[in-house]
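Engineer: Construct the complete structure from the given sequences, taking the supplied hints into account.
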Amino acid sequence: MLLGVGKFEHLRLRSILRAAGVALVGAAIAMAMPQSGAPANAGSSLGQQTQPDAQISQNALRIVVLDPAHGGTDLGARGTGGLHESDIVLDFAGETRRALEQQGFQVLQTRQGNDNPSFDDRSAMANAQRGAVFVTLHIASTGIQGTARVYVNSDLPPVTNANGLIPWDRAQAPFLGLSRKFGDLVQGMLAQQFKGSPDTAQTSSVRQLRTTAVPAIAVEISSVTVSDRADLERMAVGVGEAIARGTMAFRPFYVAPGAPGALP
Amino acid sequence: MNGRWKFWLSGLLVFAVIAAVIYVPILRKRMKRAARLQQQSEEQARRELIQPVPMNPGDPRVKAKLFWLSDADNSVLAPVVVELPLSGDPVLRAKQVLNTLLAGPVDAELRTLPPDAVLLAFYILPDGTGIADFSEALATSIPSGIASEELAVDSMVRTLEANVPQVRRLKILIHGQEVETLAGHVDLTGTFEMNTATLVAPATPLTPQSGAVKLTQP
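If you read the sequences in order, they're chains B and L.
So in the numbering used here, spot 111 of the first sequence is number 111, and the numbers just go up one at a time.
So in the numbering used here, spot 157 of the second sequence is number 421, and the numbers just go up one at a time.
Fair warning: there could be bad hints in the mix.
What the hints assert, rightly or not - Each pair of labels, with its calculated beta carbon distance range:
id : chain 1 : residue 1 : chain 2 : residue 2 : range
1  : B       : Gly82     : L       : Val288    : 50 to 58 Å
2  : L       : Ala298    : B       : Ala249    : 53 to 61 Å
3  : L       : Val340    : B       : Pro158    : 27 to 35 Å
4  : B       : Asp115    : L       : Gly440    : 28 to 36 Å
5  : B       : Ala249    : L       : Val288    : 53 to 61 Å
6  : B       : Asp228    : L       : Ala342    : 29 to 37 Å
7  : L       : Glu347    : B       : Pro252    : 49 to 57 Å
To be verified - One-sided and incomplete, this derived list gives chain L residues near chain B with beta-carbon spacing under 7 Å:
id : residue
8  : Pro407
9  : Ala411
10 : Ser412
11 : Glu414
Derived by calculation from the structure, the hints in this document are not laboratory data.
The beta carbon of each residue, even a glycine, is placed where N, CA and C say it ideally should be.
Structural biologist: Here's what the structure looks like:
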């Protein structure tokens, strides 16, 4: 069994669901990989002649999956003035989407309104894409006002399955290096924009990132405890532009799964 | 006679000034030290009053290292040394240090765990996995956010790391159940690894460093 969960009785159902997820992640990556033994540009049929250009464009970073965290009954961090993280992140997502689209990226959002997809549903949206990165947006309830931090997932045990499938539980593991690079670039842009922010990305065991099989970061803004909501809203444009610039800077480093030099 | 009186008076004044120049810095240093000692004894008295796990006075008093925030705005942990009578039994010892961590520092702004959270149980599996079971308040009262949740877990891991070398990794439960996240962000489905370097030399001063805890899946 791919998932060692023996000690906790109630984990059985979850392990079954996760095992199903293994197949999904594995299938997504297998589809992305070139056919074994057949170089991408060696075909003679009409379809294969057009494959190299199509593959180059498919292997490039084109899509950003934006995840406004929480939603629905999960309000996230709550400020003293009735501010809710789940509400404000939608504003931040809107500005970030606008900035990314100006840079030519296709943007997918895990939620548009006040609903609350599961962690796995949000990850699945990114895992189904080729040439994508994942950015989850959060507002903290602590920290120095007007600063922004980028997090990448803490180290995960290496994936050792010989069949090429990535366990859903550790989908982020092969992408940690790329996520770190992506995170550092975005954090650098945020540090220029918002004084007092760190210069490099931090690591944390962020649940949302663990099951995401693309370069993935969490951006957390401080904070919902502002006395005036406008102070926080004023940051949205700057945060969006910093994420868009950071994503552009990451583009040359991006390697699609299955492409030459890919990590997974 | 009058001139001699002025001479002695001037000499006395000069002597007083020299003595003041020498003595004032010493006095200032002593006052600072006294204030610090008073603060430490207040901390000790507070620990003894609110300690929910009874400490055996017969146990040797050791300098326990507890990790709270270094300052209210900074997202960095700093070690605070508190003298406690800690048990030699690793389970009791872990309960004692975690309860002291829950009690929080003198400055409430520097605490990493919510004041109403309670440690319900702690036990150690044969492989060195420490299981800490907390009341629901740990999840419901903690300020929501990646940074605050990470610091909460990190403070527990580092405190156990520094004081209970038998614990090699930490699993956190809420009211006896495994939960997906602490308060919507930090993953609690796995275990948090201790720094093995610290296991070898637990008394070594630790450098506060955020986000060094690694998550592994069970």
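Engineer: With reference to the structure, classify each hint as holding or not holding.
Structural biologist: Hint by hint, here is what the structure shows:
| no. | hint | in the structure |
| --- | --- | --- |
| 1 | B:Gly82 with L:Val288: 50 to 58 Å | 54 Å, holds |
| 2 | L:Ala298 with B:Ala249: 53 to 61 Å | 55 Å, holds |
| 3 | L:Val340 with B:Pro158: 27 to 35 Å | 29 Å, holds |
| 4 | B:Asp115 with L:Gly440: 28 to 36 Å | 31 Å, holds |
| 5 | B:Ala249 with L:Val288: 53 to 61 Å | 58 Å, holds |
| 6 | B:Asp228 with L:Ala342: 29 to 37 Å | 32 Å, holds |
| 7 | L:Glu347 with B:Pro252: 49 to 57 Å | 56 Å, holds |
| 8 | Pro407 | 4 Å, holds |
| 9 | Ala411 | 6 Å, holds |
| 10 | Ser412 | 5 Å, holds |
| 11 | Glu414 | 4 Å, holds |
Against the hints set out earlier in the document, no violation occurs for any number.
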